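Asks: The numbering used here numbers the first residue of the sequence shown as 1 and each following residue consecutively.
It is worth saying that the hints were derived from the structure and are not from the lab. Small disclaimer: the values here were computed from a predicted structure and weren't measured. Careful: at least some of the hints might be erroneous.
As the list claims (entries may be wrong) - Straight-line alpha carbon distances no greater than 30 angstroms define the calculated BS3-like cross-link-like pairs of lysine-lysine that follow:
no., residue 1, residue 2
1, Lys194, Lys222
2, Lys70, Lys36
3, Lys190, Lys222
4, Lys190, Lys70
5, Lys192, Lys72
6, Lys72, Lys36
7, Lys70, Lys158
8, Lys158, Lys105
9, Lys70, Lys194
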Amino acid sequence: MTENKVKLEIFEGPLDLLLYLVRKEEVDIYQVNLTKIATQFVEYVEVMREMDLEIAGEFIVMASTLMYIKSKELLPVEQQAQVEDEDEGEDPRWELIRQLVEYKKFKDAAAQLQHLEAEQENVYRRIPPKVEFERDSPLPKPEVSLFDLIHAVNTVLKRYTDRHPTRDIYEERWSVSEKIETLRSRAMQKPKMKFSELFEEATSRGEVVVTFLALLELIRLKQLRVVQPEAFSEIEIEIAPPTESVLFAPTETPAEPAPDEAKPETGSAPA
1 MTENKVKLEI FEGPLDLLLY LVRKEEVDIY QVNLTKIATQ FVEYVEVMRE MDLEIAGEFI
61 VMASTLMYIK SKELLPVEQQ AQVEDEDEGE DPRWELIRQL VEYKKFKDAA AQLQHLEAEQ
121 ENVYRRIPPK VEFERDSPLP KPEVSLFDLI HAVNTVLKRY TDRHPTRDIY EERWSVSEKI
181 ETLRSRAMQK PKMKFSELFE EATSRGEVVV TFLALLELIR LKQLRVVQPE AFSEIEIEIA
241 PPTESVLFAP TETPAEPAPD EAKPETGSAP A
C-alpha cells in the first residue's frame with residue numbers, strides 16, 4: 001500500500017497531545033484524571049496508526065507510561081501502596097504532571113513571543129504623506145491542529161461498525177490520488193464545507209481513512225486549509241487563499257513549433 005501512505009510532518013509531540021486532551025476536559029493540570037486521559041491518548045494513537053501515519057516512537061512510549069499509571073490507579077488502595085513501595089524514584093504520575101506544567105510554560109512563552117513579534121510587524125515609525133490605506137481584512141480563523149483533525153475523524157469512524165483490516169479494504173477499492181481529485185472537484189463546487197460533509201457518502205471505515213489521508217495531503221500542499229470558528233467546534237474546510245497556494249495549475253498549452261520544425265509551404269514545385 002505504498003501509494004496510500006502519507007508522510008506527515010508532525011511537529012507536535014506526545015506532550016502536545018496530552019495538553020490538548022487536558023484542554024478538552026477543561027480542568028486544571030493538577031486535577032486531571034490521568035486514567036481517563038490515558039484511554040483517550042491510546043485511542044488517538046490507534047487512530048493515527050490505523051491511518052498509517054508515521055508517528056514518532058515517543059507517542060508509543062507515552063502511551064505505555066499512561067497505561068502503567070492507569071493500571072496503578074485502578075488497583076485497590078492497599079495494592080497501590082504496595083506497588084509504590086516497590087517502585088523506585090518519583091511517582092510517574094506526578095513526574096508526568098510536572099513535565100506537562102513545564103512544557104505548558106514553554107508553549108505559553110513561545111506563543112507570547114509570537115504575539116509580540118506579530119504586533120511589532122504592525123508598528124510603523126513614520127507614515128509618509130497621502131497614504132491610502134486599504135480596508136482592513138477580517139482576522140483569519142485559528143488554524144486547526146493535527147489532534148483536532150484526529151478527534152474529528154475518530155468521531156466519523158465510530159459511526160461504522162466494520163472492523164475488517166482497514167488497509168485490506170481501501171487498498172483494493174480506493175486510492176489517495178483518486179480521493180485527492182474528488183476533494184479538489186468538491187472544493188471547486190463548494191469552496192467552504194463542514195468536515196463531516198467530506199464523509200457523507202463514505203460506505204466504510206476504509207473509505208473514511210483514504211478520504212482523510214487525501215485531505216491531509218491537500219493540507220500539506222497548502223491547497224486546502226482547515227479552520228474552527230471556536231475551540232473544539234466543528235472543523236470547516238476551505239480553499240487556501242491565492243497567496244498561499246493555487247488549487248489547480250493552469251492547463252498546459254501546446255508548445256509552439258520551433259522555426260526549423262515549421263511545416264513547408266504548400267504549392268506547386270517550380271517547373
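Asks: Return the numbers of the hints above that this structure violates; sort them in rising order.
Replies: 4, 5, 8, 9
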